[in-house]
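J.: If you want the building blocks of each chain, they are given just below.
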Amino acid sequence: GAVVSQHPSRVICKSGTSVKIECRSLDFQATTMFWYRQFPKQSLMLMATSNEGSKATYEQGVEKDKFLINHASLTLSTLTVTSAHPEDSSFYICSARSVGYNSPLHFGNGTRLTVT
Amino acid sequence: KNEVEQSPQNLTAQEGEFITINCSYSVGISALHWLQQHPGGGIVSLFMLSSGKKKHGRLIATINIQEKHSSLHITASHPRDSAVYICAAPRTTSGTYKYIFGTGTRLKVLA
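Protein sequences appear in the order of chains U and W.
According to the working numbering, the first sequence is numbered sequentially starting from 507.
According to the working numbering, the second sequence is numbered sequentially starting from 197.
Calculated directly from the structure, the hints in this document are not laboratory data.
Take the hints with a grain of salt, since some may be wrong.
Each computed BS3-like pair below joins lysine-lysine, with the alpha-carbon atoms no more than 27 Å apart [stated by the list, open to error]:
(1) K526/U to K572/U
(2) K526/U to K294/W
(3) K561/U to K294/W
(4) K264/W to K570/U
(5) K304/W to K570/U
(6) K294/W to K572/U
(7) K251/W to K304/W
(8) K294/W to K547/U
(9) K264/W to K547/U
Predicted, not measured: the structure shown is a model, and the values here were computed from it.
For reference, chain U alone in the conformation it holds in the complex (with noise of 0.2 Å):
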């Protein structure tokens, strides 16, 4: 079964409003969350990557005052995308992973999200 629950799978909200994405680690404690965006047919592209606890660090180009990431425990973490744009629209998805180097990485199922 899953071991990262990610929720709403698919959400549709109208311009200006935000939109919060849930990321729970079921069943292992998740030391570090990522997450990513993905556009059509291409790779994954890593947003930010959040320690619980702390704040989140997020890679270049990426706003952190529109991509709010809290991970305020060790099995739950949102990203709030806010005043959403058109062009915010796009499948992001998380992934966790608990300690130690070669820990294994365990994906969410992703949110397609769609501003009108």
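Assemble the complex: chain U is given as a structure, and chain W must be docked to it using the hints.
T.: Same frame as chain U, now just chain W:
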């Protein structure tokens, strides 16, 4: 040049064929992941390997750390194997742990 490169980018095979997908990397790593992404978008981790070979069902993954090369093989391919296969290498940059992804191999297996 990408730090992790995959080939081929696209592959169409007939059901039953033996399939090989290659991954070469230029970064120093201790393990490599093979991932499978289905059309719906969800990603499943197939293998994490640091040496030799691993087998799971019809899937076999090999890695040669010295040559910085890994292969994913699918034996007796089936249409349900149609997906995007991605190799990923973990690395630490300036104290930040992250993964470098290949561009993926889009596999279509025809019945």
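J.: List, from low to high, the hint numbers that the structure doesn't satisfy.
T.: 4, 5
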